[in-house]
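*Asks:* Sequence:
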Amino acid sequence: MKTNQFRLDINGLRGVAVIAVVLYHFNNEWLPSGFAGVDVFFVVSGFLMTKIIMTAIDNSSFSLIRFYQSRANRIIPALAFVCLAVLLYGWFQLLNGDFNSLLRHVYSSLLFFSNHVYWMESGYFEANAMEKWLLHTWSLSVEWQFYLAYPLVLLGLAKISSRRFIKAIVLTGAAVGFAFSIVATGISADAAYFLLPTRAWQLLLGAVAFFYPMSLGRYAKVISYGALLTIILSMFVFDESTPWPSYFAILPTLSAFFILQCNYKDNIVINNKALQVIGLWSYSIYLWHWPVAVYINNLNFSPSKQFYYLLTGIVASLVLGALSYYIIEQKRYMKAKYAIFALVACSSYMLLKAGVPQDLREMSSHPANQFIASYGNYSPRGGCLVSEFQRKHQSMGIFSDCLDMNSSGGVFMWGDSHMSSISLGLRQYIPKGITINRVFSSGCPSSFQIKRGSVSRLRRACDFSNELALKAIKKIRPETVIIANKDKHEMMDWANTVTTLKSLGVREIVLVGPLPQWYPSLPAVYAKHSYGKTHISGKKLDQNVVKTNEKMAQMISDLDSVTYIDVINRICPESEDQRTCHVTYGDELLAFDYGHLTLSGSKHIAKEIIVPILDVTKKG
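Using the UniProt record's numbering, the first residue of the sequence shown is number 1, and each one after it goes up by one.
Simulated from the structure, these hints should not be mistaken for lab results. Model, not experiment: these values are computed from the prediction. All clues stand as given, with none of them false.
When the alpha-carbon atoms are kept at most 25 Å apart in a straight line, the in silico PhoX-like pairs for lysine-lysine are as follows:
#, residue 1, residue 2
1, Lys528, Lys305
2, Lys471, Lys502
3, Lys432, Lys475
4, Lys471, Lys392
5, Lys51, Lys167
6, Lys221, Lys265
7, Lys51, Lys221
8, Lys305, Lys547
9, Lys547, Lys488
10, Lys488, Lys539
11, Lys488, Lys551
12, Lys551, Lys539
13, Lys273, Lys221
14, Lys273, Lys331
15, Lys51, Lys265
16, Lys603, Lys533
17, Lys159, Lys51
18, Lys502, Lys475
19, Lys474, Lys502
20, Lys502, Lys488
21, Lys474, Lys432
22, Lys305, Lys539
23, Lys432, Lys607
24, Lys603, Lys432
Build the full structure now, drawing on both the sequences and the hints.
*Replies:* Set out below in structure tokens:
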């Protein structure tokens, strides 16, 4: 087999993969699991890299330096131009915080460790993903890290062992890697998504396709079409809530494996001329589509025009991808491309270290920067966090003014740091004479059933907090229990919690739905999109908590003696298929970060939304 033989099936697979990713990123409702296109890319890359390396090793012509150089020639030029483009845009258009983040992301992308940066910054599916102009480069970093290590392993094995042993090692590595990714996804979904150790099995699966070719004969046609259909279906049947890469990731990856095995040249779908062209442009399309999607997402347009804006963005991605392919990928201007790479990488590093002089960037003097900075040290949380007590005293407990085990009746507040921020204003509107007890812990779901284990400090604090809440409720017998959490309410067993509370004599159970949340923060979103106004478009609201709120309203309606408080629809009412959020109260915003309430915000929600429905306050 010649190493320069062009395979239409591989090029077609690239086309399918990039179409899936682009559609998903512009609107995940079109293709709920289009992110699996990246998994297909990994399998194809693993196959091609193994073919290139092993063919050269067999011919005694493999050069590690030439291999790295060829990978750099393939990946860096187009990537450097995209980084330069977004850096120039950011220089003139982004506020200080966003521009500094962009510098960090450009630097990590060009040095191929951006997957680690984005992992540390949280997740691929989070709300503020659309604020990160180079988030998609995580997959390039994974591939580059694989390219650095993989040829060394193959070269070393080739010197000390047989081809048969190498094949067995690769096959074992793919199997063990798949099992490891399943376990790791259950432990840390974000790390599993972004990091090489949990993605290596997909690249190695491509290697297995090279080392273990199948003679499928007359079955090649059926298998080729069947595998392609499975890839397409797998783009629809999962979504961002599906653990990935885990069990289900085997569907698109194994299907890509079988298409590689078939090498069927007459698949009219894969060999379609349009798909073949997109396959040729796929790398450049992939590079450009995400910055275009981020730009489109940050425009203020009405929902009725969304389709046209997204369609324009997709067309722009294709055009930019085509231009990048013909001008940059095909025209290998060695000096220019490496000069740009060096310029962007070095300037990003220096600017990161020294900062950007304010008189150089016009956007640095924008008043919105000072507005955002004013919330930087704002932290009027309501206290009573077990996690905070643990941090200060290196032991489990709660501050003395939060919980009086000798009291009885009254109101018991239970939850995480969001409940703590609600309590700040709520305590001011509960009549004097009514006992108030509080037990909170950061990042802690309110549950008598969930045991998070001793993996981390926060989880140990969470277990202690929930156990303390149960013990206190049994002892104090409060008349009213108010519960609030950040998110993921639908994952908790509320029926069991409510039954337990009622059995302990609690007469009034109030569940406060998720607070409105914005990423990276309400001050940042407000400053960029609605500075000087009292309202902000609901389009910037975290849609995950909106969905949670809808699910919870339905779930709680089936439970007796529970009052559900829908905060989101009070703060961000929907009218004519469009939400508008009232986010300023007096001189303060509703929240000082992504969702924790300011004092003014807490007072408003307490006075206008929560207190009017509490039976205990009516009696007080």
